[in-house]
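Here the protein sequences line up with chains U and P, keeping their order.
Counting with the working numbering, you get residues 1 to 370 for the letters of the first sequence.
Counting with the working numbering, you get residues 1001 to 1637 for the letters of the second sequence.
Any given hint could be a false lead.
Computed footprint of chain P on chain U; a stretch qualifies when at least three of its residues, placed anywhere within it, have a C-beta under 8 Å from a C-beta of chain P [stated by the list, open to error]:
1. 154–168
2. 270–278
3. 281–293
If you're looking for bench data, these hints aren't it; they were derived computationally from the structure.
Quantities reported herein were computed from a predicted structural model and do not represent experimental measurements.
Just so you know, even glycine gets a beta-carbon here, dropped at the ideal spot from N, CA and C.
The primary structure of each chain is shown beneath.
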Amino acid sequence: MIDVAGTLRRWWLNTIKHIDFPLLLITMAIMAIGLATVNSATIDSSHRMLAQAGNMGLAMTVMWLVARIPPQKLMNFAVPLYVFGLLLIIAVLLFGISVNGARRWLSLGFTRIQPSEIMKIAMPMMLAWYFHKFEATLKLRHYLGSALLVLLPFIIIAKQPDLGTALLVGAAGFYVIFLAGLPWKIIIGLVAAAGAAAPLLWGMLHDYQRKRILTLIDPTTDPLGSGYHIIQSTIAIGSGGPLGKGYLNGTQTHLEFIPEKHTDFIFAVYSEEWGLLGNGVLLFLYTLLIGRGMMISAAAATPFARLLAGAITLGFFTYAFINMGMVSGILPVVGVPLPFMSYGGTALVTLFLGIGILMSIETHRRMMKT
Amino acid sequence: MSEFHNPDGELPRFRFRLGFTIALVLICFAILFGRFVWLQVINHDFYRTRAEDNRIALIPIVPNRGVITDRNGVVLARNYSAFTLEITPSQTAGLEATIDALSEVVEIQPKDRKRFKRLLDEAKNFESIPIRTRLTDTEVATFAAQRYRFPGVEVKARLFRQYPLGHIASHAIGYIGRITERDLKWIEESERQANYKGTDHVGKTALEQHYEFELHGETGYEEVEIDAGGRAVRSLKRIPPVSGNNLQLTLDAKLQEITEKAFGDRKGSVVAIEPETGGILALVSTPTYDPNMFVDGITPENWKELNENPSKPMVNRAINGAYPPGSTFKPFMALAALEMGKRTPGQSISDPGYFNFGNHRFRDDKKGGHGTVDMYKSIVHSCDTYYYVLANDMGIDNISKFMAQLGFGQRTGVDLGKDDSGESKGVLPSQEWKKKRFKKPEQQKWYAGETISIGIGQGYNAYTPIQLAQATAVVANNGVMFRPHLVRHIVDAKTGEKRLIEPEPLRDLNLKPQNVDVIRRAMIGVNKEGTGTRAFAGAPYETAGKTGTAQVYSLKGAEYKVHLVKKELRDHALFIAYAPAEKPKIALAVLVENGGFGAQSAAPIARMVLDYYLLGKMPAGAANEDAEAIEADDQAE
Chain U
1 MIDVAGTLRR
11 WWLNTIKHID
21 FPLLLITMAI
31 MAIGLATVNS
41 ATIDSSHRML
51 AQAGNMGLAM
61 TVMWLVARIP
71 PQKLMNFAVP
81 LYVFGLLLII
91 AVLLFGISVN
101 GARRWLSLGF
111 TRIQPSEIMK
121 IAMPMMLAWY
131 FHKFEATLKL
141 RHYLGSALLV
151 LLPFIIIAKQ
161 PDLGTALLVG
171 AAGFYVIFLA
181 GLPWKIIIGL
191 VAAAGAAAPL
201 LWGMLHDYQR
211 KRILTLIDPT
221 TDPLGSGYHI
231 IQSTIAIGSG
241 GPLGKGYLNG
251 TQTHLEFIPE
261 KHTDFIFAVY
271 SEEWGLLGNG
281 VLLFLYTLLI
291 GRGMMISAAA
301 ATPFARLLAG
311 AITLGFFTYA
321 FINMGMVSGI
331 LPVVGVPLPF
341 MSYGGTALVT
351 LFLGIGILMS
361 IETHRRMMKT
Chain P
1001 MSEFHNPDGE
1011 LPRFRFRLGF
1021 TIALVLICFA
1031 ILFGRFVWLQ
1041 VINHDFYRTR
1051 AEDNRIALIP
1061 IVPNRGVITD
1071 RNGVVLARNY
1081 SAFTLEITPS
1091 QTAGLEATID
1101 ALSEVVEIQP
1111 KDRKRFKRLL
1121 DEAKNFESIP
1131 IRTRLTDTEV
1141 ATFAAQRYRF
1151 PGVEVKARLF
1161 RQYPLGHIAS
1171 HAIGYIGRIT
1181 ERDLKWIEES
1191 ERQANYKGTD
1201 HVGKTALEQH
1211 YEFELHGETG
1221 YEEVEIDAGG
1231 RAVRSLKRIP
1241 PVSGNNLQLT
1251 LDAKLQEITE
1261 KAFGDRKGSV
1271 VAIEPETGGI
1281 LALVSTPTYD
1291 PNMFVDGITP
1301 ENWKELNENP
1311 SKPMVNRAIN
1321 GAYPPGSTFK
1331 PFMALAALEM
1341 GKRTPGQSIS
1351 DPGYFNFGNH
1361 RFRDDKKGGH
1371 GTVDMYKSIV
1381 HSCDTYYYVL
1391 ANDMGIDNIS
1401 KFMAQLGFGQ
1411 RTGVDLGKDD
1421 SGESKGVLPS
1431 QEWKKKRFKK
1441 PEQQKWYAGE
1451 TISIGIGQGY
1461 NAYTPIQLAQ
1471 ATAVVANNGV
1481 MFRPHLVRHI
1491 VDAKTGEKRL
1501 IEPEPLRDLN
1511 LKPQNVDVIR
1521 RAMIGVNKEG
1531 TGTRAFAGAP
1541 YETAGKTGTA
1551 QVYSLKGAEY
1561 KVHLVKKELR
1571 DHALFIAYAP
1581 AEKPKIALAV
1591 LVENGGFGAQ
1601 SAAPIARMVL
1611 DYYLLGKMPA
1621 GAANEDAEAI
1631 EADDQAE
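Throw the hints in and build the complete structure from the sequences for me.
Given below as structure tokens:
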């Protein structure tokens, strides 16, 4: 006799074997909020909610696939992926397509890709691999080596020029170095040096980047251009008040005052309609997400796994913090989507690649124990 | 080197670092939450007021588009103010009802409603949208009397583009039209989207497109307060727009008009160039169209008619029509032979009236041949046999190498259209070209027999009139080549400062003066004792010219005009010339589609152009076809 129920049960258990439910529930909660907000932002015009749901389905499939790969196998990908990503961003510099004066895209004929996105995952993997390898014999020169691994792609991406992504990629690398135990003396030294070098860096920035920083200090200097974004998004958030104007009732949103309202500025839409209460809920959910990621990192079995998990988790924090900071007017406008909220397939896939890796680390560790 | 590693402390230290970052995360989120409290609780009233009662809207003020004038200041494109009837949707009681009621006061056609609907989809609801354009004075008065009935409807003055000369020079000036998805992409890629807020027209072709970002100007804006319903309450600040720059052309509008009229209802093209600068004096492609039709959105009927017209008035033949040059190619062939040392001027052949190659006989137009022919005679009497032999001696790759220097088979880079891609390259045949052009290996091979007819400007040869004019100008200018261009000055609308578009010397061919002189003397001979004699009889200035006749029906490999062959089997007539021969002020190429022999219909047009440009002589109308020239040509060409 065939045990249909038993076969199905085994199949189902196998399917969800590598899913970490706390992580899944938290991201799904944020995505539910995101989907509703995308709907509100595009209900008058482009109707993107279903398309975004499709993106989510695709991204979660990627997550499911990645979660099944054991961390030891992931480690084998670290070096090739890093080298591949490095070659791609060099190719972008040489043959890339210019959009708005920046070369960020590589044309594949049928579609175009933004290879710096790959580095967001490849960078922490590479460095985690590196410190895993030298863990037993860690010396000062190893830190110097790791600094080179971070700086090389950082400089290339900054040259595209895409300072925002360069900083994110650089941060992902720095998190690994920090978690691996970079001595405090050096950290303090670096911070001091950075402070001293700030005027020099200012000279190296592109005009539009300087303009962005200047309009941050005084948005009214450029009310038609980039200052407009910040002015309107702060009005949206502020007018939302403690409890918000109610779903679909954001006047700033629906009178078209918010630019890029379903992508980078989606937080303004959400915040106007749900108020401080909604913001609190969202911050809480992000805190839970980061907390879960940190737990996975702390419990991870190998140096590679814990460094990678820690850096990915801090990456989520960085995106969320920079995006909300920019929309609420305390950080410069740097084109970073709000994780799991903003419309867009590429960013979602990258994010869920990270979630998949976290799940892989967690579930494979648990299985090893049992 | 110091030792940093401590295996036993590894995991606890990692966890400590992790704890440190968690603290950092919480601090950052706390700062964010603090910011939210600041915006949403402490300053909530301030922001609520700004959002609910006094939303600030930036209303763009579109700048005046630059004016285009010819070299003498004749206006070719300008703006005029006209009244439009506009509706602000958010202020009306009901949109459909308002429009229905309005239609009883002023005429509103279905196409007006259609356009209004389209604009409505794109607009913000505090913007006013035109329902009717170009109101007559009577309509304005009628509406004004009943204004009280229509809240949210007003008469506004808007600027419209106007081309005062109508269809004249339309292929050079181009036209503007509503911004489409594709235009928008172009604007975004040029990083100009902020400057195009409020602008709804953009240059679509020719000069209007090429100099779009000069002509457009800088958008100003008005900061107005609008209430929750989108109604403007009061104006806060006004930054005026800066008008676009004006263009002063090298084109001579009168010359252009005379040349276009010289064609009558014939199809064809003339490009006249100032050899010393490359400045284009006339750029004609007939038939033409009236660019004013496009400004306000062309009606589907007009659009259909323009596109289905077999004469293709929308095609700019001067830069997009590729034609075999026929015998006008011969002076360039002769120059190539001299420069490459393949011929001396005195070297002659005996012409029996044909040239045998393999088992094919290439015939000369003149039965029995021209007798003894040297280089001078070969050009003056347009001897085919001379060039069959010459082409065979030179070989295809030598020919194409020299002709490429003259600009044949390449885009000239004339300042028309968005970029070079609007201009055709034509075909400069070579072994390499054939390899690329054809797929099958047996077609890719170049046969020596194919070189023969290249020598008389037939075969795969196909060039645009502007290339032919440019090559003529290069010879007139002793081998120095300039990029053909239409704009002489860009004039700053505010300061009146003129920015000269410097003539761009593309290259110096370093031709030997004595060689150029041989060609010049032979081309002068053409108009004195050769095929151009009748057309230039009695001209008080000395010209250098060459007639040409291009067979249409044996066209191979060229993409142009096959459909016309069935209708009209007459050959294309061509003529190139420059004058005065000793110190050229103008070089030109004339092409008359299906005009028969060059001497018959193209040369008389050239005579008219030169008579006006050099003598100021006004012609009586269209150039005559010289019927007797056919016989003369039969003898000569």
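Structure-based check of all given hints:
Residues of the region 154–168 of chain U with a Cβ under 8 Å from some Cβ of chain P number 0, which does not satisfy the need for three, so the listed coverage is violated. Counting residues of the region 270–278 of chain U whose CB lies closer than 8 Å to any CB of chain P gives 3, so the stated coverage by that chain holds, three being the minimum. A stretch counts as covered by a chain when three or more of its residues have a beta carbon under 8 Å from one of that chain; for the region 281–293 of chain U and chain P the count is 5, and the coverage holds.
Hint 1 alone, counting from the list given before, is not met by this structure.
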